[in-house]
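With the hints as a guide, bring both chains together as one complex.
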Amino acid sequence: MLAAGNYLAGRSLATVLFLSLRMKRPLFLEGEAGVGKTEIAKVLASALDRPLIRLQCYEGLDISSAVYEWNYPAQMLEIRLAEASGTTDRGRIEADIFSERYLIRRPVLQALSSPDGRAPVFLIDELDRTDEAFEAFLLEVLSDFQVTVPELGTIRAAEPPIVIITTNRTREVHDALKRRCLYHWVDYPDAAQELEIIRRKVPGCNATLSQQVVAYVQRLRGLDLFKNPGVAETIDWATALTELDRMALDPETVSDTLGTLLKYQDDIARIEGAEGRKLLDDVKAGLAAAG
Amino acid sequence: MGNGNSGTAGDGRLADNIVHFARVLRKAGLRLGPAAVTDAIEAVEAIGIGEREEFYTALHATLVKRHEDDAVFDEAFRLFWRSRDLVGKMIALMSPVVTRHEEREKRKAGETRVSDALFGGQEDRHRERDEPDIEIDARFTASGSELLRRTDFAQMTSAELAAAKRAISDLVLPMDEVRTRRFRRSTRPVAIDARATMRHAMRTGGALILPRHREPKTVHPPLVVLADISGSMSQYTRIFLHFLHALGETRRVHAFLFGTRLSNVTRQMRHRDPDLAVEACSQSVNDWSGGTRIGETLKDFNRLWSRRVLGQGAVVLLITDGLEREGIELLEKEMDRLHRSCRQLIWLNPLLRFEGFEARARGVRAMLPHVDELRPVHNLEAMADLVAALSGMVRRGAGDPRRFLPAA
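Chains as they are written, first to last, in the working numbering: chain A, 1 to 291; chain B, 1001 to 1408.
Excised from the complex, chain B in its bound form (with noise of 0.2 angstroms):
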């Protein structure tokens, strides 16, 4: 079997050249591991060297796993294959900073947490000082400009770690399960399974068939979260990505955040650090706290990924404001889209804590006939609510989104 050993690979020179090669992709961003270096060699091998096309699909298969890198390997390719000597001293020159950089991110991680657990709270009050502040942002900051930005979140406090893991700890409520198709053993009769009960009897050599039962096992249906992350929201914006990280420990979650553009950060939350993990959503972000486009937004993710992260019953978290300025009738559009392809749309919108909220903004007013819930989220009780609205333990339409549309 070709199973990648490839200690013979020509006369190594070129054996080398893929290794590098493959060294400035993993830089580049492309998530590829040893065995794709050997399988690439392999393919170089097979195809033999010739034509330069022919070159390029052995590597491109092997060492390319997702659409996405397409772009990256050819410039990489085109850059690499046409010099090797400036890309190796480009490997040089990046190396030791690429490493410094990584050193001092992981030693950021968790840093006030640490000082947390030295210090004991004191930024906890902090914080409680600082909400007044925050209403007065909230409400005058949506703008349609794009602003490009890098955000550093401070660090979440163990205070806000552990408000957030316990509200979540709630989360694992039967209520909020839908069935599969597959089965899991039951005591219940509700269905006979044969396998087992076949399986069971050959342990009495078939005198005794006693049935075995079995019944369709329920899963939690994957989450997914669009966030908004323009500057009329980037006072809520840290809580709730630690709130989605704590999420992602215990379910599927996909991550989206959105300001004038898409990103999906499901990849990034993916890391087991919330700090780390909300790093590298800010490296990987460019708009924070700048405008907002909604409507735009709603129509990419409903171009490209609805199909893709809504299957098996997902239900769509929605954290914006809904101060959307222009482009209504697209907004309006997209949010039914949004509503008719998933199973349950819940709306997050932290301007809803003010007394007497009516839906008054153009944009909240087109985006609220197509909700099926409308909760508040500014802080972690507001957190609780919404574990409590996914868990269905409170009962439908005291999330009515309709009770703040002015009687017209």
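Isolated chain A (complex conformation) (with noise of 0.2 angstroms):
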């Protein structure tokens, strides 16, 4: 299924995958940035054919931008109007102004509600940038799936949507929600693995070329770096090294293309002298060898 989606992945991801859908659980992806969490979660609404809707997490998410918000200017607009033909019913005002009509639905109350009679997959991406209040927040929406608007009563999904919650680490985020989920540490393809995924994402990049690439990542991250590449920039590497036509690595290209790589200027510093040099020999060698 994920196959399809042009997406590989290990088994014990496919049996997770499987698990919370059958389950009816949340999915709880942690594991490093660029090991393509978030692609999960496109990749399976492709697949399963639903929509998607993504929660993009960020410091300061409230009620009012993740869940719903009123039409202020076009409730004003009614006021007046009705002002304006002399209804005094407040009533009806209330009930007329407070409809769905006015309604502006942010992702948790799409997710909820599921037009078509099939739940959407809703992806939270990066749940670790919120904070503890937003956190808590979703605990009530993650296990009865519903939420409460005061003019309106509570909305409750028809059918519970199928949620990815991924994080970065870059905060601990709380029992209480990890609880609810089935979690699953997404980590770094292998060789082989990883190769595949060049072959499938980067088609133009020649077969010489992308093994050198996996190859000298997989090195890189064995080393000490203060950020380890992930997958999404071995893609970016083998794209850039395709446009600029190179068959295979050589000093000088890895050095001029190493920031699509490396983000941390002091991996940089080390990787474009002689400690680099010393691994693309290593890489060519191995490889060599290899046949």
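These are computed hints drawn from the structure, not numbers from a lab. Bear in mind the structure is a predicted one, so any value in this text is a computation, not a measurement. Treat the hints with caution; some may be incorrect.
[To be verified] Quick look at which bits of chain B chain A covers, simulated, 3 or more residues with Cβ under 8 angstroms:
no. : region
1   : 1057–1063
2   : 1189–1198
3   : 1273–1286
4   : 1315–1323
5   : 1362–1376
Backbone N, C-alpha and C define an ideal beta-carbon position, used for all residues, glycine too.
See the structure below:
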């Protein structure tokens, strides 16, 4: 199923996904940046042919931008119109302006209402960026799949959405939330998997180059870097090298394009020097030996 | 909805075993509740008993909630599902021991405070008499060797506890707050709160629309404390652990202890009882009163934790005497990185109370250029100073680290 969406999943990831669909539990994906957590949700949505609703978290995310908001200008206009037409029935105005017509649905509410009866895939991306208050709010949403809009009452999902939560571990997420989810640690793929990923995502990249790229990146992750390159970076790098029409890695190319791979000055400075050259030689020697 | 109701799980044997397995994990230190166990049973049912790998994944996904626990889980899984009886015996063997152990700890916590209440303040005088000894200790014991030790700290006296609390109560001062992107209701016309305005207008049926206002909410930024527990600092460790605990009651505090290695004791510090919290810290840290490797431990912190705990404008308190023997270059580099990734870096140095302190030690000289403030920390008075520093009450520059640098 995932393969159809051009995503390579290990056995354990596939099992966890199956379980999460079967048990109707949110899936909590944790892992380093760039290992493809968000991609899982996207692929899942397209494979199941469901809409993907994405809630990108950020510090200060609050109910009005995550759940719902009223369309104030329109409401205001409605009140003025009511005034002009001489309506003074308070109940009617209220019922009127706090109706679905003026409700702006934000991701959480969208995820809970499935217009065509098919629950969407609900991606809560980088949950660790919000604050504790929002996390606590999500507890209700994730266990009962309902939210309360005071003027409208409680809105409950007819069919619970398929929830995928991702975090980069920039902050520890509270146990209470994790307890409601199935947990999976997304790791870097091994060389064979990563090679396959390059083959699918960067079709123009020739075999020698992609082998070298993958071997090089895998070696880089073994070094004690401040920030290891993720799969997304590998794809970027392979794309960059392909764009530059390179057939194989050489020291100059590597140091010119290192910025696609490493994002910290310290790391770049380290790899640009002798250490990077040695690494490249090792990679080439290793590949030559392997045939 | 698949809501953990597994009364009919299989023939019961497997469910029982999973329950046992969860108990083993819990004993091994994993935090998992009964809901996770029912989840696990449900997951195993869903997947059917087939291959070991899938079985493993089903249990792992439901029982493990933290990446750090993977290793423990792996080991437990390997042992448990290979030979069930062995583990059964182990549980039987372990249970009474563990309970007895816990009972002992519980009784111990707060013991001093109780005896304080009975015999009133003798402990306090005793401590003051001890002070001169400490001064000799503090300077010459920095060592590069890695010495693994557990320390049993004496308990906090009521007076200390009260003083620490007092110092903390001064902490809640508005200067130390940072703005968030959230809003709160306001009486000042800062910005219109459309949501509240509309809701309020409804009370009058829309006849009267009075604007409601809101303003950005402010919060205390989190505190990240890196405390040196090496031999040369051991005299101060207890007091600042208690200080941290008291601090944690009102603020978000991430606590790290380091000697030759770095340990995160944030969870341990969350015990409500200060004695239990300190006890839990000393249980989980292996290098009390050993040597110091400030550079190495800072490097660990920068790599593993800085991105996770230094968000939201965190203030870093670095508690150390800066007596580093080796790796000055590394120390300088890591200090620089730490300094650049937090909002404010305050160095608390107990050596600073000696008259005419000068940054002679190479480690101290390497660290000084990278801190925002340098303050003494050896008693509660100094703590109060720190409180003032945190609250921004003291003019910037009073704690300027550069004045200690010998004119080069």
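Tested hints:
| no. | hint | result |
| --- | --- | --- |
| 1 | 1057–1063 | holds (count 5) |
| 2 | 1189–1198 | holds (count 4) |
| 3 | 1273–1286 | violated (count 0) |
| 4 | 1315–1323 | violated (count 0) |
| 5 | 1362–1376 | violated (count 0) |
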